[in-house]
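There are 2 protein chains.
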Amino acid sequence: MARPSLSREQIVSAAIEVADEGGLDAVTMRLVGQRLNASGMALYRHVANREALIEAMVDAVVGEFAYPEPRPPHWRDALAALANQDWRSYFAHPWFLAATATCRPVLGPKMLAAMEWALASFDGLDVTALEKLHLLSIVTSYGQGLALTWTQPDREGSGQYWREQLRGVGHRRLEAIPAELGDDVELDLDRQFAFGLERVLDGIEMYLTSPPARRP
Amino acid sequence: MARPSLSREQIVSAAIEVADEGGLDAVTMRLVGQRLNASGMALYRHVANREALIEAMVDAVVGEFAYPEPRPPHWRDALAALANQDWRSYFAHPWFLAATATCRPVLGPKMLAAMEWALASFDGLDVTALEKLHLLSIVTSYGQGLALTWTQPDREGSGQYWREQLRGVGHRRLEAIPAELGDDVELDLDRQFAFGLERVLDGIEMYLTSPPARRP
DNA sequence: ATCGCGTGTTTACGTTGTAATCATGCTTGA
DNA sequence: TCAAGCATGATTACAACGTAAACACGCGAT
Chain H
1 MARPSLSREQ IVSAAIEVAD EGGLDAVTMR LVGQRLNASG MALYRHVANR
51 EALIEAMVDA VVGEFAYPEP RPPHWRDALA ALANQDWRSY FAHPWFLAAT
101 ATCRPVLGPK MLAAMEWALA SFDGLDVTAL EKLHLLSIVT SYGQGLALTW
151 TQPDREGSGQ YWREQLRGVG HRRLEAIPAE LGDDVELDLD RQFAFGLERV
201 LDGIEMYLTS PPARRP
Chain W
1001 MARPSLSREQ IVSAAIEVAD EGGLDAVTMR LVGQRLNASG MALYRHVANR
1051 EALIEAMVDA VVGEFAYPEP RPPHWRDALA ALANQDWRSY FAHPWFLAAT
1101 ATCRPVLGPK MLAAMEWALA SFDGLDVTAL EKLHLLSIVT SYGQGLALTW
1151 TQPDREGSGQ YWREQLRGVG HRRLEAIPAE LGDDVELDLD RQFAFGLERV
1201 LDGIEMYLTS PPARRP
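These protein sequences, in sequence, are chains H and W.
Residue numbers 1 to 216, in the working numbering, belong to the letters of the first sequence in order.
Residue numbers 1001 to 1216, in the working numbering, belong to the letters of the second sequence in order.
Don't read these hints as lab results, they were simulated from the structure.
Among these hints, one or two may not hold up.
[To be verified] Label-pair restraints from in silico Cβ distances: (1) 1213(W) with 7(H): 57 to 63 Å; (2) 70(H) with 1009(W): 53 to 59 Å; (3) 23(H) with 1031(W): 20 to 26 Å; (4) 49(H) with 1050(W): 31 to 37 Å.
[Said to hold, decoys possible] Under 10 Å between C-beta atoms, here's a sample of chain H residues computed to sit facing chain W: (5) 98; (6) 149; (7) 152.
We treat Cβ as the ideally placed atom computed from N, Cα and C, and that holds for glycine.
Kindly generate the complete structure, drawing on both the sequences and the hints.
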């Protein structure tokens, strides 16, 4: 058979590059193909359709940076490392959360490996497997939710947009919000994430250290 | 002038109906217009473009259900009410989070009113305005993050999809996940949310009851 | 050598967002 | 009362999209 000049990984990598530069809307079959000196239709030999391509992109990003090995022995350090890792990924690929919100959940091999790493953080603690899953999803959900709102605007006006919004409208209506908030919204974002992460981990720790008999 | 037969609110409402039935992709200028017995181009007299329409849809949903008045006196009850309210909205309009992930953040009048309600929950506590904002965003982020993954798949196979994924692949690779997990994933979702919410609120309470001098 | 099939290309079609242009009829100044 | 003006919606048109269908090519097996 004619030896293939395109591979699925090549295509997914090229698509990720396109998305990093131009956003999810720029991930066009023709554009991704063009980056590989191929026609847009060539991609369909390796990918079912555009949606499947985006799912593959999501799974590729999940496995792009591996969690630290060996895993920190204490569950709190492990979950903090995981949360920070995910957080960086969301901003390295601002289209990522929009992709997970649009396509149906991806449970690819990379995602499974990540879950395996994460769930093992609770090894040795007196919790059921289902509780492990729920506690883990608290951390990941918090990070995803916070990043969801803030990964998008960076593409254009960045802080400018928020400064106008908060100053113009908010200053009159929301006396509770300090006026200087708009200034360093993006610089504070990492700090805000770290702050909230500690609260979330506190809540989990409170549960883990409570007597199992008193748990709901 | 010819009296308008279309209003901006009508258009936004029709678009929300279309999205509820067919998802965000179904929100087409022509389709929304058709629901109002109008051409697709007619919408452009009241809405800048499709993206602005979706932003208007987001703000409309934010204000669709008001938070309970009067606000529960204890901050924990107020935040729990807020979180449950948002949670219901995400599933009433499964396209909502995908819209916020795609468009840039919406800070419309409804959103500002909601933030005002929420921030007042912390009145009387010894926290700065910025801390109020951060604590609030922990709760909202957690809810958004958890819903982000789970509002999408319901459109098609629902639990079927997860059952296959978890059973087929996960059963071999993820011994930590109980096999019966896939059965009642969706029924347990509300319970999972409530469980995580209590952990998050515990973490916030731990912060609020700690001496202000020892806070970071 | 030749057959078959895996690979990429070309062409084509329906749908999308939206710019440009037109048709219409209410509102307003005289 | 009546003509002008303009806001509103309809029509037309176009580039770009996803992708189905048909094609051309060339290596592996026979």
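Status of each hint after checking the structure:
1. For residue 1213(W) and residue 7(H), the Cβ-Cβ distance of about 59 Å falls inside the hinted range of 57 to 63 Å, so the restraint holds.
2. In this structure the supplied range 53 to 59 Å holds for residue 70(H) paired with residue 1009(W), their Cβ-Cβ distance being about 58 Å.
3. In this structure the supplied range 20 to 26 Å holds for residue 23(H) paired with residue 1031(W), their Cβ-Cβ distance being about 24 Å.
4. Taking 31 to 37 Å as the suggested C-beta distance range, the pair residue 49(H) and residue 1050(W) does not conform, at roughly 22 Å.
5. At about 4 Å, the closest approach between the beta carbon of residue 98(H) and any beta carbon in chain W falls short of 10 Å, and the interface hint on this residue holds.
6. Given the 10 Å rule on beta carbons, the hint for residue 149(H) holds: about 5 Å separates it from the nearest Cβ of chain W.
7. Interface hint status for residue 152(H): upheld, as the beta-carbon distance to the closest one in chain W is roughly 5 Å, under 10 Å.
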